[in-house]
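Colleague: Okay, here's what each chain looks like letter by letter:
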Amino acid sequence: MSTLYALAKARAADSGFATQASTVRHVHLAERPLVLIALTFAGEANAPLAAMAGDTPESARLLVVTQPRNRDERFAFAAELAEIVTGYLGECESALRAELSGADEGGAGHGEPPGAFWQKFPQVIVPNEATIGFLRLLGRSTRLRRPDGPYPVDPAVPVLGRWLTFLAERAELPGSSLLVAATQALALHWATGQSAVEDRNLAAVLGWIDPPAGLTGRAAAAAAENPVTGPPAGPATDPTFDNEVLAPLIAACGRTEIGSAQRQRAVLSLQDSIGAVLAPSWRLVWRSVELLRGLTPGRTVSLRAESDLAAFLKYGEYLRDGGTPQPRRDSAVAAARRLSSLEQAQASYAAQRAFDDPLVLAGYRLTGEAFGGSVVAADPARLGGSGKRRMLRPLVTVETLDVVRVGPGDKLVSPARPRQSAVVMSVSPLAGARSAVELELSGGMGRSLVAAPGSVPAVGERLCYTTLTDSYQVSGAFPERESTPWTHGGPPPVYVPVPDDAVEAWS
Amino acid sequence: MTAEMEALERRMDSLQAEVRRAMVAGDRDLARALRAELNECRSQWEASLTELEGQAPEPAGSHGAQGPILPVREQVHQVLTLLGAPAAPKLVIAIHDALFAGLLPGARLTSLRRDEERSFRSAPYARPYYICAALTAELLSPARGLLAVSTWPMDRRIVGPLSPRVDFLTAAIRVAERFRDLYRGNSGVSPESRRLLWRFAANIPRAAQSASTINPDEIIVAARAELAVHERADSEQRAESALRARAQLDDAEQLFGTGLRLSRLTSADG
Amino acid sequence: MNAVESRLEHIRGRVAPKSHNARTIAALTSNPGCARRAIMDAAGVDKQRLAAYSGFPAPFGQSQFAITRGNAFEAQVKANGCAELLRLLREHLGLSIPEVSYDDLNDVGGNTGLVVRHVRTRSLLARAVNSGSDAGTLFDHPLLRLQVAGRPVFLEPDLIAFQLGGRFHVVEIKSFAVIDGQADGDKVAAAVIQSAVYVHALRELLAGHGMAEDAVADEVVLVCPENFSNAPTAALLDVRKQLTVLRRQLARLASIESLLDVLPADLTFDLGMDDDGVPSRSPAELRDAIFTVDARYAPECLASCEMCFLCRHEAQGRTETLGREVRDELGAIDSIAAVLGLADGTLAPADDQAEAAGLLRAAARLRRECTGEAA
Chain A
1 MSTLYALAKA
11 RAADSGFATQ
21 ASTVRHVHLA
31 ERPLVLIALT
41 FAGEANAPLA
51 AMAGDTPESA
61 RLLVVTQPRN
71 RDERFAFAAE
81 LAEIVTGYLG
91 ECESALRAEL
101 SGADEGGAGH
111 GEPPGAFWQK
121 FPQVIVPNEA
131 TIGFLRLLGR
141 STRLRRPDGP
151 YPVDPAVPVL
161 GRWLTFLAER
171 AELPGSSLLV
181 AATQALALHW
191 ATGQSAVEDR
201 NLAAVLGWID
211 PPAGLTGRAA
221 AAAAENPVTG
231 PPAGPATDPT
241 FDNEVLAPLI
251 AACGRTEIGS
261 AQRQRAVLSL
271 QDSIGAVLAP
281 SWRLVWRSVE
291 LLRGLTPGRT
301 VSLRAESDLA
311 AFLKYGEYLR
321 DGGTPQPRRD
331 SAVAAARRLS
341 SLEQAQASYA
351 AQRAFDDPLV
361 LAGYRLTGEA
371 FGGSVVAADP
381 ARLGGSGKRR
391 MLRPLVTVET
401 LDVVRVGPGD
411 KLVSPARPRQ
421 SAVVMSVSPL
431 AGARSAVELE
441 LSGGMGRSLV
451 AAPGSVPAVG
461 ERLCYTTLTD
471 SYQVSGAFPE
481 RESTPWTHGG
491 PPPVYVPVPD
501 DAVEAWS
Chain B
1 MTAEMEALER
11 RMDSLQAEVR
21 RAMVAGDRDL
31 ARALRAELNE
41 CRSQWEASLT
51 ELEGQAPEPA
61 GSHGAQGPIL
71 PVREQVHQVL
81 TLLGAPAAPK
91 LVIAIHDALF
101 AGLLPGARLT
111 SLRRDEERSF
121 RSAPYARPYY
131 ICAALTAELL
141 SPARGLLAVS
151 TWPMDRRIVG
161 PLSPRVDFLT
171 AAIRVAERFR
181 DLYRGNSGVS
191 PESRRLLWRF
201 AANIPRAAQS
211 ASTINPDEII
221 VAARAELAVH
231 ERADSEQRAE
241 SALRARAQLD
251 DAEQLFGTGL
261 RLSRLTSADG
Chain C
1 MNAVESRLEH
11 IRGRVAPKSH
21 NARTIAALTS
31 NPGCARRAIM
41 DAAGVDKQRL
51 AAYSGFPAPF
61 GQSQFAITRG
71 NAFEAQVKAN
81 GCAELLRLLR
91 EHLGLSIPEV
101 SYDDLNDVGG
111 NTGLVVRHVR
121 TRSLLARAVN
131 SGSDAGTLFD
141 HPLLRLQVAG
151 RPVFLEPDLI
161 AFQLGGRFHV
171 VEIKSFAVID
181 GQADGDKVAA
191 AVIQSAVYVH
201 ALRELLAGHG
211 MAEDAVADEV
221 VLVCPENFSN
231 APTAALLDVR
241 KQLTVLRRQL
251 ARLASIESLL
261 DVLPADLTFD
271 LGMDDDGVPS
281 RSPAELRDAI
291 FTVDARYAPE
301 CLASCEMCFL
311 CRHEAQGRTE
321 TLGREVRDEL
331 GAIDSIAAVL
341 GLADGTLAPA
351 DDQAEAAGLL
361 RAAARLRREC
371 TGEAA
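Protein chains in written order, with the numbering used here: chain A, 1 to 507; chain B, 1 to 270; chain C, 1 to 375.
Everything labelled a hint here was simulated from the structure, so no lab data went into it. Computed from a predicted structure; not experimentally measured. Built from N, CA and C at the ideal position, the CB exists for glycine as well. Treat each hint with caution, since some may be false.
[What the hints assert, rightly or not] Example chain B residues on the side facing chain A (calculated, C-beta under 7 Å, incomplete): (1) 17; (2) 20; (3) 21; (4) 23; (5) 48; (6) 227; (7) 229.
[Claimed, not checked] Pulled a few chain A residues facing chain B out of the computed Cβ check, cut under 7 Å: (8) 228; (9) 240; (10) 244; (11) 258; (12) 262; (13) 265.
[Said to hold, decoys possible] Simulated restraints on C-beta separations: (14) C/92 x A/71: 26 to 32 Å; (15) B/225 x C/229: 27 to 33 Å; (16) B/114 x C/152: 32 to 38 Å; (17) B/105 x A/212: 50 to 56 Å; (18) A/267 x C/372: 54 to 60 Å; (19) A/430 x C/372: 24 to 30 Å; (20) B/114 x A/83: 47 to 53 Å; (21) B/111 x A/71: 54 to 60 Å; (22) C/251 x A/129: 37 to 43 Å; (23) C/335 x A/430: 33 to 39 Å; (24) B/40 x A/261: 47 to 53 Å.
Same shape as in the complex, but just chain A (with noise of 0.2 Å):
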């Protein structure tokens, strides 16, 4: 939260209708997402109820269990998911690999991945992050299973759980986009004049953004509040729709024979109602998708996806390698290093959104980690050093209103130049509240003693210059798994999983 996103709110709610939050686009976006939109039966830890997914608007299946208390449906469930999931996933892959094996025999060599390969990224797109929370259990709860011993499951569901696992584990790093919330995509976006409790309704946060003609948006945000009308998009459910909807038809399909008229009957007036019930919220997530594709890319969204590609093929080949599934819990020294990389992930992904788009950067300005101005004087010939070791290193000055807290000595970049670096050589104030910053540049400008044309900020140019860096950081050095220190434990045992892992009661 910044001060800037904060008045983009403020604005939002006198206005009525959201406001820009950014200028390009920071999340990858499939050609080809899988939406998927999940309910929970009450009371249980995480009983599937119903699921509704597929990847165009029109092709949605729904998933209905008709005894949410029953353990072998539960795991029927799973299998469907799987199949839609999975099935989806290792279309996915394989067509990425033919690519793969394809550029490679062209001789494409290492450079960026052929438009092709864009087709094919595998995202799943949900309507909220209480559903991926609810994906990660039902991954946690499938991917221990086996196909068999005591309680033998079809062998999709394990793989499905460990995919699911995949998945919720990639959400949390920041900027990946294999597993999406649309309402987190939207506020990234777009600034609702609501708080960020009631941002967590996706039909509240469309109403702000893309209101029915001759609403407000914030007319529009307060009817999809109503749960009669405007159905939550799960994983919960509205207590109303539970007891006066789903209570009856549940009772009428446990009540009636299986294979009877009457069941056919009950079980198609169950899926009626929750498919009326997804409905609504399944046609919000794919219009999101759409406002979303309507913004340009920033520059590095790409190269996070690149990276979402890689991290999703060793995954993939993992499994097919027999890999074991993801343990129950982490191990201290795989928790400590997963963290140190979400941080830094966190870190680079922050960098990278305000490198891609001046309206992020605009909040480092307004905190004093980035300043933005014209530049009054350039000298784009000087030296430095002597004889040999004589360097080109320009100095330019900006004049800037922003608030400067940068010093001597400091190190900066633009994202206009990522390449060149900028050492601050003095601060001065002006009157009317503006400074002169004076740099020395390096880098970035050819290998002669004269810069190349353009690659030093003429007079009059306007540009920006921040502390951010998205450079790599060398990772905390973390012991070998057989060197984790006692206090740490000590070596944790090979993760094995046991037969008690597969008959765990999902009950």
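Chain A is already provided as a structure; the job is to place chains B and C on it using the hints.
Modeller: Same frame as chain A, but now just chains B and C:
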């Protein structure tokens, strides 16, 4: 026919929405009225459904031809005799399912004690035994949700503060003994039976390490060890209350307990 | 009836007061500074009905599936002489083997009357305290009583265990799962504050028998299903902080007089029901009556108070509707119009707003520069 059902379904949908709105509005009277109308619609719909099928839907809880082999009271008597202590219907059903043939319909157990009392009051001692109540030690009122057998000595049917644990341990010993006898020299204990034994063993100190290494003898030893801690205090309390019950209660009250007498409550408080 | 009570009764109007339970008392602590809520709760107003009638119904309610599951789990943990619960208390809290005594307080000789059960609860707990070791360990559904805003409220904890370190422990049985050692934070927080209500009520009861506060542990035992199974697990939770908040809010309700003093003498939330139970009061007039009592709206109210939509509507145009964090970023200025006025330079800052105004102007300038947004 189908058009009629679809009309009913539409009507049900809109009624449901109205009920939900009324509930959100906190207007319970309106919700109640709407729900009545909704239920009317729903039963019409179900009637149409039945016609559609050409046969009546099975009533709840029935499982076709597979009825109980014995009358319910005899099935319950079997189980209670095995356990040797008052037990809740849930436990009775679990034991029955694991160890006896046939089905014990759970719904019938709720009214069993009342039916037995009615039978006893209209013709005392006409049956060799009755499924009756356990009595609370202090007030001699029927203990909530427990079944017992009329031919047991009175003190066995008394429930004092320690008795629930004592009875649980007693039942554990009896069930384990039964398993030991059934499966002597035979390792083929079914997973269901193993689960039942584990439900006892898991809650008794040192009775078993895990569900897969369960051994009836260990359960018996462990349960007896804990039982020895509670037994004396429990049986003293029970004996005292049994004496009082026999002196103060008439025959029917001795079997089915007595309602609250405030004088007794006050004196118990004193 | 004293003056305060008759005032409150007039405010509530001609309907029976809503009775409190641990959940509603716990909810009192979620926004202690709100006078509107304090007055309504003290008067026993049916907030859901009032909110709906004034045109702002808020969806609150519990799914019957959740209720069924909660009851089933509790029954299971207590089945067979609390067999599972005893194991947990022995394993996690060192309850000794002889301590298995169980008293069922769900009824007294078949009588489920609240007063009878409360009397019985009091006498059994007092006996346990006075005679020490062998007079009771587990008390199933004891019935406690607490004064809330001058009215008695009966409260029914799932279970009270005595003799854990010589003290009473409140045991709360909840059916939300603890998965790999983690549970839903909101649900745990709700369980903790509800347990604190029971701890407080139990202390009040024992104080009547001359017992010091520490006779009741300020750690409660939370029992929940583990992972995806029905097998229970237990954890000890410290409720000291919640007890402090709770006591403060109960004291505030007890001294409701000072809040009443500033309200018009004829204030009432009566709906003007006719003989058929049809309300005759105009919703607008009711709203005006409600607005005479100050509210302190925050987005957190949406999770805990039935009046939330009405209060949010009333608070429109104020920064608190955007959440505390946003409000703080905006220099804690109340009015959104003022924020924008300062940002666009159309409003001169007051002395204490100079710093905030500077930041807002800079933010507005940067937004204009980046988005072309008009002032």
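Colleague: A separate judgement is required for each hint: does it hold in the structure or not?
Modeller: Now the hints, each set against the structure:
Interface hint at residue 17 of chain B: satisfied, since its Cβ lies 5 Å from the closest Cβ of chain A, which is below the 7 Å cut-off. Here the hint on residue 20 of chain B is kept, as its CB sits about 4 Å from the closest CB of chain A, short of 7 Å. With a cut of 7 Å, the hint placing residue 21 of chain B at the interface with chain A holds, because the nearest CB-to-CB distance is about 6 Å. Taken as an interface hint, residue 23 of chain B checks out: its beta carbon lies about 5 Å from the nearest beta carbon of chain A, inside 7 Å.
About 9 Å separates the beta-carbon of residue 48 of chain B from the nearest beta-carbon of chain A, more than 7 Å, and the hint is not met. Taking 7 Å as the C-beta cut-off, the interface hint given for residue 227 of chain B is violated, the closest approach to chain A being about 29 Å. Here the hint on residue 229 of chain B is broken, as its CB sits about 31 Å from the closest CB of chain A, past 7 Å. For residue 228 of chain A, the shortest C-beta to C-beta distance to chain B is roughly 5 Å, which falls under 7 Å, so the interface hint holds.
Because the closest C-beta pair between residue 240 of chain A and chain B is about 4 Å apart, less than 7 Å, the hint holds. Contact between residue 244 of chain A and chain B, as hinted, is supported at the beta carbon level, the nearest pair being about 5 Å apart and thus within 7 Å. Against a cut-off of 7 Å between C-beta atoms, the interface hint on residue 258 of chain A is violated, since the closest Cβ of chain B lies about 11 Å away. Among the interface hints, the one on residue 262 of chain A holds; its C-beta lies about 5 Å from the nearest C-beta in chain B, closer than the 7 Å criterion.
Given the 7 Å rule on beta carbons, the hint for residue 265 of chain A holds: about 6 Å separates it from the nearest Cβ of chain B. For the hinted restraint 26 to 32 Å between residue 92 of chain C and residue 71 of chain A, the CB-CB distance of approximately 28 Å keeps it satisfied. Between residue 225 of chain B and residue 229 of chain C the beta carbons are some 28 Å apart, a value that agrees with the proposed interval 27 to 33 Å. Distance hint check: the CB atoms of residue 114 of chain B and residue 152 of chain C are about 34 Å apart, consistent with the given range 32 to 38 Å.
Checked against the hint of 50 to 56 Å, the C-beta distance between residue 105 of chain B and residue 212 of chain A comes to roughly 55 Å, which is consistent with it. Residue 267 of chain A and residue 372 of chain C have their C-beta atoms about 55 Å apart, which keeps the hinted 54 to 60 Å range intact. As the Cβ distance of residue 430 of chain A to residue 372 of chain C is approximately 26 Å, the hint placing it in 24 to 30 Å holds. Taken as a hint, the range 47 to 53 Å holds for the pair residue 114 of chain B and residue 83 of chain A, whose Cβ atoms sit roughly 51 Å apart.
A hinted range of 54 to 60 Å is violated for the C-beta pair residue 111 of chain B and residue 71 of chain A, which are about 30 Å apart. The hinted range of 37 to 43 Å is satisfied by residue 251 of chain C and residue 129 of chain A, whose Cβ atoms lie roughly 38 Å apart. At about 34 Å, the beta-carbon gap between residue 335 of chain C and residue 430 of chain A stays in the expected band of 33 to 39 Å. For the pair residue 40 of chain B and residue 261 of chain A, the supplied restraint of 47 to 53 Å is violated, since their beta-carbon distance comes to about 23 Å.
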